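Peer 1: Now for the letters of each chain:
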Amino acid sequence: MTLTPLQTIIMIGAVALGTMVTRFTPFLIFPDHREPPRFVTYLGKVLPAAVIGLLVIFCLKGISLLQAPYGIPELISVVCVVLLHLWKRNSLLSIGVGTVMYMILIQFVFI
Amino acid sequence: MEKKGYGPLWSLLMSSIAFCGSMQYVAITLLTAVFDPLQAFLLSLMVNARHLFYGICMLKKYKKLGPVKNFLIYVLCDETFSIVSSAKVPEDIDRKWFYFWVSFLDYSYWVVASVIGGFLGSVITMNTRGLDFVLTALFAVIFTEQLRKADSRISALIGAACSILCLLAFGPQNFIIPSMIAILLVLTIMKGRLKGSFSESIMGGAGASSETAAEVNEIAGAMDSTGSSAIRTSGQVNATAVIRESEVAE
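So the protein sequences, as listed, match chains A and B.
The first sequence runs 989 to 1099 under my numbering.
The second sequence runs 9 to 258 under my numbering.
Since the hints were derived computationally from the structure, they do not count as laboratory data.
Just so we're clear, the structure is a prediction, and the values are computed from it rather than from any experiment.
Among the clues, some could well be false.
Straight-line Cα separation of at most 27 Å, DSS-like style, residue types lysine-lysine; simulated pairs [stated by the list, open to error]:
1) B/Lys-96 with B/Lys-69
2) B/Lys-71 with B/Lys-96
3) A/Lys-1033 with B/Lys-12
4) B/Lys-157 with B/Lys-71
5) B/Lys-68 with A/Lys-1049
6) B/Lys-12 with B/Lys-96
7) B/Lys-69 with B/Lys-157
8) B/Lys-157 with B/Lys-68
9) A/Lys-1033 with B/Lys-71
10) A/Lys-1033 with B/Lys-199
11) B/Lys-71 with B/Lys-104
12) B/Lys-68 with B/Lys-96
13) B/Lys-157 with A/Lys-1049
14) B/Lys-157 with B/Lys-199
15) A/Lys-1076 with B/Lys-77
16) A/Lys-1033 with A/Lys-1049
17) B/Lys-12 with B/Lys-157
18) A/Lys-1049 with B/Lys-77
19) A/Lys-1076 with B/Lys-199
20) A/Lys-1049 with B/Lys-12
21) A/Lys-1033 with B/Lys-77
22) B/Lys-157 with B/Lys-96
23) B/Lys-96 with A/Lys-1076
24) A/Lys-1076 with B/Lys-157
25) A/Lys-1033 with B/Lys-68
26) B/Lys-77 with B/Lys-104
27) B/Lys-12 with B/Lys-104
When you get a sec, could you build the whole thing from the sequences and use the hints?
Peer 2: Right, dumping it as structure tokens:
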């Protein structure tokens, strides 16, 4: 611990404030009684699917394609999740099998 | 946080007040550096900028929910966003309480698990490397569901394509905000051609037993030596637990 407890609390507060600004801003600009412009309503419809695309890449951002294992464990596991999900459409099954597969791959196969 | 000299109480404070996933990692390094709250605030704004998009997406769903709405916004994280935006609220359940419970469970799993991680971090030594893939898998599943539906397929592909391009161009540390801008631009250009109905049926199917989910959660919270990655892992595992919750609700 290099900071005093008070300083630590202030730091946590600063981080929390930054987070909350990003979470509350859209709702403060467009409160319940104000109808958002059509463009924002449009974004509200098409953005969620796009953001999920962003989140998948966000999760995989640490992969290095130039260094072993070249993202192969991630590729295998994600393909496994997608195929299994297209086949069985059971969220928990797809997530569970994919995760176990990934753990085995990085702990035992691609060490 | 344990390793940096902070006890479980600090993990509790950090998780319950700031509640911001990956930013808590960054915060830990900030806590061991020079005291600079302004830098912490700005960094937190940038790392969490994606929440702006969650807000825009949830404007309609979170409309007219009374005081609960403020809590829902306060804890609107990646996992909660992905579930609340894609799960269909069962007809016989008040949507306010559906959203509340998904959000609240996500929040409490995270907070509780970080404290457990803070206490037990160094005791349990099972190899959990790779467990954080749970979150990737969750998003991959939701992504697959978006691809199956003609209405959301193009948006989903735009999101992924813009992100990959920006990742290659700007690198893993700085690609989020450029990606958000790129996605906005492409969606704006495509306006009129996209219908955009986000899939609302992914959380069906058979649910696992509640005990399993709870166990996974506890284990995830406990097994790791830094406390900070317990925070992360548990947050990711709680996503699965919440899926189960919504399945039970259905």
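Peer 1: All hints, please: hold or fail.
Peer 2: Now the hints, each set against the structure:
1. B/Lys-96 with B/Lys-69: Holds, at roughly 11 Å.
2. B/Lys-71 with B/Lys-96: Judged against 27 Å, a Cα distance of about 16 Å means the pair holds.
3. A/Lys-1033 with B/Lys-12: Violated, because 43 Å separates the two Cα atoms, which is more than 27 Å.
4. B/Lys-157 with B/Lys-71: Measuring from Cα to Cα gives roughly 26 Å; hence the hint holds.
5. B/Lys-68 with A/Lys-1049: violated, 31 Å
6. B/Lys-12 with B/Lys-96: Answer violated: B/Lys-12 to B/Lys-96 is near 42 Å, above 27 Å.
7. B/Lys-69 with B/Lys-157: Measuring from Cα to Cα gives roughly 20 Å; hence the hint holds.
8. B/Lys-157 with B/Lys-68: holds, 21 Å
9. A/Lys-1033 with B/Lys-71: holds, 15 Å
10. A/Lys-1033 with B/Lys-199: holds, 11 Å
11. B/Lys-71 with B/Lys-104: holds, 10 Å
12. B/Lys-68 with B/Lys-96: Judged against 27 Å, a Cα distance of about 14 Å means the pair holds.
13. B/Lys-157 with A/Lys-1049: Answer holds: B/Lys-157 to A/Lys-1049 is near 26 Å, not above 27 Å.
14. B/Lys-157 with B/Lys-199: Answer holds: B/Lys-157 to B/Lys-199 is near 18 Å, not above 27 Å.
15. A/Lys-1076 with B/Lys-77: violated, 35 Å
16. A/Lys-1033 with A/Lys-1049: Measuring from Cα to Cα gives roughly 26 Å; hence the hint holds.
17. B/Lys-12 with B/Lys-157: Judged against 27 Å, a Cα distance of about 47 Å means the pair is violated.
18. A/Lys-1049 with B/Lys-77: violated, 32 Å
19. A/Lys-1076 with B/Lys-199: Cα-Cα ~34 Å, so violated.
20. A/Lys-1049 with B/Lys-12: holds, 26 Å
21. A/Lys-1033 with B/Lys-77: holds, 20 Å
22. B/Lys-157 with B/Lys-96: It holds: about 15 Å lies between the C-alpha atoms, which stays within 27 Å.
23. B/Lys-96 with A/Lys-1076: Holds, because 19 Å separates the two Cα atoms, which is no more than 27 Å.
24. A/Lys-1076 with B/Lys-157: Within the cut-off at roughly 16 Å; holds.
25. A/Lys-1033 with B/Lys-68: Answer holds: A/Lys-1033 to B/Lys-68 is near 9 Å, not above 27 Å.
26. B/Lys-77 with B/Lys-104: holds, 8 Å
27. B/Lys-12 with B/Lys-104: violated, 40 Å
When held up to the earlier numbered hints, the structure conflicts with 3, 5, 6, 15, 17, 18, 19 and 27 and fits the remainder.
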